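K.L.:
Chain residues, written in single-letter form:
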Amino acid sequence: MDAVTEAFRLIIALDADLFEILWLSIRVSVIALAISAVISLPLGTWLAITEFPGRKFCILLLNALMGMPPVVVGLMVYLLLSRSGPLGWLGLLYTPTAMIIAQVVLITPIIAALSNQVIENLHQEYSDTFYSMGVTGRRAVVAYLVDARYALTTCILAGFGRAIAEVGAVIIVGGNIDHLTRVMTTAIALETSKGNLSLALSLGTVLLALSLLVNSLVIGVREYAAKRQYA
Amino acid sequence: MNTLRSANMPNPLLPIRISNLRLIKGDRAVLAGVNLMIDEPGITVFMGPNGAGKTLLLRCLHGLINPDQGQITLGDLTVADSRDQQAMVFQHPVLLRRTALQNLAFAAPGIARSEPQRLIEALESVHLADRADQPARMLSGGEQQRLALARALLSKPALLLLDEATASLDPASVQVIEALVKAQSTQGTKVILVSHDQGQARRLADDVVFISAGQAAERSPANQFFIAPQTPAAKAYLAGELLL
Chain A
1 MDAVTEAFRL IIALDADLFE ILWLSIRVSV IALAISAVIS LPLGTWLAIT EFPGRKFCIL
61 LLNALMGMPP VVVGLMVYLL LSRSGPLGWL GLLYTPTAMI IAQVVLITPI IAALSNQVIE
121 NLHQEYSDTF YSMGVTGRRA VVAYLVDARY ALTTCILAGF GRAIAEVGAV IIVGGNIDHL
181 TRVMTTAIAL ETSKGNLSLA LSLGTVLLAL SLLVNSLVIG VREYAAKRQY A
Chain B
1001 MNTLRSANMP NPLLPIRISN LRLIKGDRAV LAGVNLMIDE PGITVFMGPN GAGKTLLLRC
1061 LHGLINPDQG QITLGDLTVA DSRDQQAMVF QHPVLLRRTA LQNLAFAAPG IARSEPQRLI
1121 EALESVHLAD RADQPARMLS GGEQQRLALA RALLSKPALL LLDEATASLD PASVQVIEAL
1181 VKAQSTQGTK VILVSHDQGQ ARRLADDVVF ISAGQAAERS PANQFFIAPQ TPAAKAYLAG
1241 ELLL
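Residue numbers (this note's numbering), protein chains in the order written: chain A, 1 to 231; chain B, 1001 to 1244.
In case anyone wonders, no lab produced these hints; they're calculated from the structure. Model, not experiment: these values are computed from the prediction. Where is the CB? At the ideal position from N, CA and C, for every residue including glycine.
Here chain A is said to cover these stretches of chain B; the calculated rule only asks that three of the stretch's residues, wherever they fall, bring their Cβ under 8 Å from a Cβ of chain A: (1) 1058–1066; (2) 1078–1091; (3) 1095–1101.
Looking at chain A on its own, in the form it has when it is part of the complex:
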């Protein structure tokens, strides 16, 4: 009970360590999300509306990659960025950039696969009309992205939820270094193992609050879209 009280005291007192960790977590996940969205939305759209040999296999692969264990992603990025790896010369291992890369690898298949499904449904609905209006290529892609904006927002928020709550990959490539690469999830793991339950609990509470916020946003966006028949 003391730990819970202490946890709330840390939150209310805007504890510097706590908010440093929180700020880094959000910064890393938001940057990863932005990069991933730029890659995954056009990729998901392109896969949804373009016919080519092997398309189904690509979608299958994307769906399979959605369930990729974070530690495996962490290991892959670690091997890539380690001193003896192909990108070792960049010196990115154990930096926030490495954590961003890991999160991008982790959430890109999720957002791409979810957006692919959204756009595929829209494409089935719009294809005859677009054909009739002569809408093709880039114009069609932009139209799909614009018209699916609310559904795609929920895909992106799902990606953010995954990124912010992830621990396995970022601990491998970030190293959980204090004041440098310590994020909420890795700090919770460390503080719990050290027996510092108050900080772990306060971080857990903030993480839970963030998760609630993201899910509320998802529901809000869905309801807004449904009300205006934009879903």
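Take the given structure of chain A and dock chain B to it, following the hints.
P.N.:
Leaving out everything else, chain B in the frame of chain A:
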């Protein structure tokens, strides 16, 4: 796309020649060698029982379906080459998840830039000017179909195809759509519409093509078709008998 047309100009997509058009689905010929020539302007109505192939023929004309055999020419053009002079209104209108006005602007970006007033006029023509800023998909079924027609007409098509565009709509919407289709035909657009509604066919048709079992069984001027159909299938259809 924005071909200005007048009633005196010959329609560049006439005559429409359909030769031995076949479309196979599974092991069944759903279009079983359609031969048809439509050379007159005005409104042609495709009539026939369900599953006869009316919609498939219309979709072939628009290029939405590639037939397995046969040929279609519109004037001197192929279907693909005539696509930008055609417009089609489907039975279930598909509108973008935007406002009514934005739907028109998307269909005609050139007009939206240079003559935005034309978009408002298009909405006025289907009595939807007061709904310009409403999400299109929140309009009633009839209003959505009127918007779809306004969108199709923005390009001033030489050929307008309507696939049961007024099925299950309210009478007010049917009236607006029929008046607009008639006016468009008077201005020189060739109109082909698929309809099950004999009353509508009588009101609109200049000529009727009766489609039966995947073939154009009969083509007659409308007044002649309704008084003295030439084929037993057409007689039975007009008598309201069930055609299997």
